[in-house]
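Chemist: What follows is the residue order along each chain.
Number of protein chains: 2
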Amino acid sequence: MQNQILLGSFLVSIIAILYALYLGSKVKKYDAGNEKMQEISDAIHKGAMAFLNREYKIMLAFMVVVAIILYFAIPHGLLQAIGFVFGCILSATAGRLGMHIATKANVRTAWACNSDIGKGLKIAFSSGVVMGMFVVGLAVLGIASLHYVFSALYADYSPEWLFGFGFGASYIALFARVGGGIYTKAADVGADLVGKVEKGIPEDDPRNPAVIADNVGDNVGDVAGMGADLLESYVESILAAMLIGFLAFSANREEYILLPLGIASIGILASIIGTFFVRAGNKNNLTASLNMGVLAASIIMAVLTFLLIKNVVGNTGIFWATITGLVAGIAIGLSTEYYTSAHQKPAKSISEASKTGAGTNIIEGLAVGMWSTLIPVVAVCVGILAAFYLAGGSTDFKAGLYGVAISAVGMLSTLGITLATDTYGPVADNAAGISEMAKLGKKTRERAEALDAVGNTTAAIGKGFAIGSAALTSLVLYVTFVEVLRAKGIDIILDVTNPKVLVGIFLGGLLPFIFAALLMTAVGKAAIKIINEVRRQFKTIKGLMEGKAKPDYERCIHISTDGALKEMIIPGLIAVAAPIIVGVFLGAEALGGLLVGKTVVGFLMAVFMANAGGAWDNAKKYIEEGNFGGKGSDAHKAAVVGDTVGDPFKDTAGPAMNILIKLMGIVALVFVPWFI
Amino acid sequence: MQNQILLGSFLVSIIAILYALYLGSKVKKYDAGNEKMQEISDAIHKGAMAFLNREYKIMLAFMVVVAIILYFAIPHGLLQAIGFVFGCILSATAGRLGMHIATKANVRTAWACNSDIGKGLKIAFSSGVVMGMFVVGLAVLGIASLHYVFSALYADYSPEWLFGFGFGASYIALFARVGGGIYTKAADVGADLVGKVEKGIPEDDPRNPAVIADNVGDNVGDVAGMGADLLESYVESILAAMLIGFLAFSANREEYILLPLGIASIGILASIIGTFFVRAGNKNNLTASLNMGVLAASIIMAVLTFLLIKNVVGNTGIFWATITGLVAGIAIGLSTEYYTSAHQKPAKSISEASKTGAGTNIIEGLAVGMWSTLIPVVAVCVGILAAFYLAGGSTDFKAGLYGVAISAVGMLSTLGITLATDTYGPVADNAAGISEMAKLGKKTRERAEALDAVGNTTAAIGKGFAIGSAALTSLVLYVTFVEVLRAKGIDIILDVTNPKVLVGIFLGGLLPFIFAALLMTAVGKAAIKIINEVRRQFKTIKGLMEGKAKPDYERCIHISTDGALKEMIIPGLIAVAAPIIVGVFLGAEALGGLLVGKTVVGFLMAVFMANAGGAWDNAKKYIEEGNFGGKGSDAHKAAVVGDTVGDPFKDTAGPAMNILIKLMGIVALVFVPWFI
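Protein sequence lines, in the order shown, are assigned to chains C and U.
Read in our numbering, the first sequence has 319 at position 319, and its numbers run on one by one without any break.
Read in our numbering, the second sequence has 129 at position 129, and its numbers run on one by one without any break.
Since the hints were made in silico from the structure, they are not lab data.
You may find that some hints are simply not true.
Heads up, simulated DSBU-like pairs for lysine-lysine below, C-alpha to C-alpha not over 35 angstroms straight-line [unchecked claim]: (1) Lys199(C) <-> Lys355(U); (2) Lys621(C) <-> Lys621(U); (3) Lys488(U) <-> Lys348(C); (4) Lys443(C) <-> Lys542(C); (5) Lys637(U) <-> Lys348(C); (6) Lys355(C) <-> Lys28(U); (7) Lys196(C) <-> Lys566(U); (8) Lys355(C) <-> Lys398(U); (9) Lys398(U) <-> Lys488(C); (10) Lys488(U) <-> Lys199(C); (11) Lys348(C) <-> Lys443(U); (12) Lys355(C) <-> Lys488(U); (13) Lys355(C) <-> Lys442(U); (14) Lys637(U) <-> Lys637(C); (15) Lys355(C) <-> Lys199(U); (16) Lys355(U) <-> Lys631(C); (17) Lys637(C) <-> Lys398(U); (18) Lys345(C) <-> Lys488(U); (19) Lys355(U) <-> Lys398(C); (20) Lys199(C) <-> Lys310(U).
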């Protein structure tokens, strides 16, 4: 049976990659519109690629260093180093190919809206599917290959050796999500401050040297960043479940090890089928079209997974654990949508509070963000308990843990299509922007905006999903860490009356606060460099203000990339060093405490910041729709302050939590031998 | 030996109370100044008493209900109910007497500044000593009495039965600190919004019906609230250490049980002696005078405690554990001062960020608040580990826990004098306000302001102390909870891989976010009621605007008291109900997790909010000193927004964390029999 699962994983992942390539070439064949549009789109596309090239060059140097450290520092270091490099390459490839298509699709979506909104939906969604399929396809292909090769070569193989691959995924996610998060806001601030405020030229004006950097930023954060983040969760939850399967069971062990890969493969198949359900048949309800695809994929996935589990391990409790994760993920996603939507109570209450000034706007926004942690935390708690007991945890503790790990796999099983709907969001957003900039006519713009509005909802749900999966993955990594130690004969009991464990929890809880503080000030620091460069170009390039000369977009992108990556170093180093230092100096118990503390507090802070930021943004939009005095009113000015605060919350510090909590978890696992 | 300690405790606590009464009558004998001053002061005094009367009336009703529940619901319910009522009465008495003198001292301090700043310092500080001595004297007297009576009456006595007394202290603190916290900001907002904004009359104008409520609020929050908060920490840390002594040792058990009372008594003696070191000999350095008193008390306390511990239990490790707590407390206090002082880097960075608007002011303030969690968390971590191992935890686990508990007692041992310096702050602040309102002349005002400036520093340190002690107390209560269960034969292991414990930690971490959200919006809701009342009075009382008729101050106070207490109900109920619900439905393991989660996250949030709020406040003051454009500049306007957000942070939600985390801990302990 295990050979069939492995074979199936290879086949399905290759199908996913081929499907992505096919859809990608199809997207590129669509008409890219008029000259002006193509010019804008080309600049964004080239800018995005310039960003990635610059980023990859810097990453490469560090990657080699890390690989060498892994090789020398831990047992089976060669395998871990190979896995690490392989993980880096696959994740970087998925990000690069996904971004490539996304930045081709935006202009084509905009042009398609000239004739048919259904066609626009199709192009934008297809580009999302490209991203989704590359991510899941390459992830499963990578894990399956390493597992196959390592287990064929070594008789004493343990899935523990695969964690280097997860570390690689984390490494890329750190750059894409944390570095990208700083980049996107720094470019935004830099472009606005010199362009709008100092020079008085409108937003998105091509004379502004930072305008392309700004547009690139949106893709960097929401396409590449989100993709790398979810790829990391996807890979690490599968790896953790495989390892717990290895440690927890003696009967059917091989089957339990490979089951996560099997579920993931079924999820990919279901996602591919689901994509065919997305058609804008009813043009008045675009959300329903996308939902139909996700729903179809979920149902297919559930049915096939049930059959798989029944046949492979015969334990249907495991099946229900899988579904538990899926339901928890949806609950978190919907809660995110509710708390950040412009037309629900929370954001409206912030709009209303703006009437009495910026102070009350901020207070209300912070309160909304804090409140919004309720449903996600309860969802995760119910999910953990349900998965544990459904998988038989009351009689077999380790089987229960396997259930929790599998629920994380279940949450992300249909990632192929859910990531497609997430990625759809920024593509549609860009399309609306391009149709505005290229002045495509009222009808077309309205259609593009309708697509964008749907995208806002799916993007919000996607954000919630990313946070929820990060929390669950981080938790599962921690449980795996403890079980690995126990399997090595370390009788570790993480009793919270043990002062070391307590101190670990305190230190773990502290870290997200420090990260958030660092990242919020990082945006300002990186922005200053762009501001100086934009000022320099306006000063030295003759004819720029008059539109006679072109600004040097690439230089702005390089400078802001370097600035963002520099600001990323300290938080990144802390995330890598903290678990190692605590583990080496205070011992494995304190490290265990740290992993719990950072997961709990990191999750709370991620939800709080992402939702407060989203709600501030939409509270401003609600006022701009004409409520409470509309644009230009005092309430609007107050809401702009909230939006300014919300930007680094939702696009930099908040999403960075996802990465940092997972990164610490995987570092602890990879360096386990050091803590014994 | 144990009889001597108990006898000593009785003696020392009675001396403290007599000393407080003596100083109180001495303060009242000072000249209360001219008629105008007396009028203002009388109104504040009467208002404060009206607030307390109103509050106590409502508290009384609930107190009876809780006492009845205790009586019927748990074993030894009669004793717990008696302890509860006794705790309520003693804490309320300390608060009432302390407030009484504080509101008499402010005007006398102002008047004394006419002739001699040293005299002003003496009066304000003496009134602080009154508060300090009532708190420590009544606390020790109460614990010693109950212990004496219960142990004389019952052969199977356990210090566990004393926790009703701690619950009483928590109950009063809930009203004083959480209710008071909402009250003070609601009155502030209400007075400002109608008075300054709508009617255009200056701040502190006696025509404003809410002006007295506003002034009362300062005393309510910083005098009564702070006192009740620290009394709660003081009582509960002593009780927890007594109980752990009872559970941990077989040899010298009685001595270990009474040692915390002994240390507290020595601390009181040392504090009394320390007060004689406070004299403004060098009038240019008032801070040094206050520090001299605290320093002298600390040294005396250390020497005597060393002798006590050496003679009573012979384990000098316990002595070092005591000192550990003291040092951790000082570190947290100094860090609070650094992060909130107008003349240190953090607040200045916020002032600077105000130049680019309210948005950057808020971002920088939030970042400063998050950063400021670093030192307090590290201090607590180092403190826990040091106390545990110094007390012999590596060979005797329970002895180590006793060390941690004793370190909490040590942190608060000199509370008699540290609370005096804290309380000095608001008294000096009020004195400066009165000298301004009564137009006492430049020289006098300058002297009063010099006293006030010193008070700001001591108040900041006091805030840090309150947070640190709350965290440590809450932690010790949790450890005690687990040990009590174990002593009852429940083999509880709070392993954090157990999903129930994990879920408990998540839920515990969630609660501080929910409390903070509730409390931040509570201020706005309570303020509306005051606003309506103030508007009504301006409308219906003829001649009010012209200064010919007097407003109804008391009615404003009643309405805002009722409003604040109403808003307090939900957070208070959640704090009481959450541990009970989790304990009953998810079991003791989940409850244990909850207690850890809420302590860690509550501590982080308390520090974050208190320091961000303090820093915003002083960033505004720094600009008002003439920096970055001074008063009225754009930077100043931005800084005002930060201050508005900071107010509920530092005066409502932040301090409320202290109470809520302790309250949950004591509830878990009192209702232990329900979770078995």
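Chemist: Could you run down the list of hints and mark each one as holding or not?
Modeler: Hint check:
1. A distance of roughly 19 angstroms separates the Cα atoms of Lys199(C) and Lys355(U); the hinted pair therefore holds under the 35 angstroms criterion.
2. Restraint check for Lys621(C) and Lys621(U): satisfied, since their Cα atoms lie roughly 34 angstroms apart, inside the 35 angstroms limit.
3. With a C-alpha separation of about 52 angstroms, the suggested pairing of Lys488(U) with Lys348(C) is violated against the 35 angstroms cut-off.
4. Restraint check: the Cα-Cα separation between Lys443(C) and Lys542(C) comes to about 38 angstroms, which exceeds 35 angstroms; the hinted pair is violated.
5. About 25 angstroms separates the Cα atoms of Lys637(U) and Lys348(C), which keeps this hinted pair within 35 angstroms; it holds.
6. The suggested pairing of Lys355(C) with Lys28(U) is violated, with an alpha-carbon distance near 47 angstroms, which exceeds 35 angstroms.
7. Taking the CA atoms of Lys196(C) and Lys566(U), the gap is about 47 angstroms. The hint is violated against a cut of 35 angstroms.
8. A C-alpha spacing of about 57 angstroms is found between Lys355(C) and Lys398(U), which places the hinted pair above 35 angstroms, so the restraint is violated.
9. For the suggested pair Lys398(U) and Lys488(C), the alpha carbons sit about 29 angstroms apart, so the restraint of at most 35 angstroms is met.
10. As the CA atoms of Lys488(U) and Lys199(C) are separated by approximately 74 angstroms, the hinted pair breaks the 35 angstroms bound.
11. Of the pairs offered as hints, the one joining Lys348(C) and Lys443(U) is violated, with about 52 angstroms between alpha carbons and a cut-off of 35 angstroms exceeded.
12. Our distance criterion of 35 angstroms between C-alpha atoms is broken by Lys355(C) and Lys488(U), whose separation comes to about 57 angstroms.
13. Taken as a hint, the Lys355(C) and Lys442(U) pair is broken in the structure, with Cα atoms around 40 angstroms apart against an allowance of 35 angstroms.
14. Under the criterion of a C-alpha separation no larger than 35 angstroms, the hint pairing Lys637(U) with Lys637(C) is consistent with the structure, at around 13 angstroms.
15. Taking the CA atoms of Lys355(C) and Lys199(U), the gap is near 19 angstroms; set against the 35 angstroms cutoff, the hint holds.
16. For the hint pairing Lys355(U) with Lys631(C), the CA-to-CA distance comes to about 24 angstroms; that is within 35 angstroms, so the pair holds.
17. About 59 angstroms separates the Cα atoms of Lys637(C) and Lys398(U), which puts this hinted pair outside 35 angstroms; it is violated.
18. Restraint check for Lys345(C) and Lys488(U): the C-alpha separation of about 49 angstroms exceeds 35 angstroms, so the hint is violated.
19. At most 35 angstroms may separate the alpha-carbon atoms for a hinted pair to count; Lys355(U) and Lys398(C) exceed this at roughly 57 angstroms.
20. For the hint pairing Lys199(C) with Lys310(U), the CA-to-CA distance comes to about 75 angstroms; that exceeds 35 angstroms, so the pair is violated.
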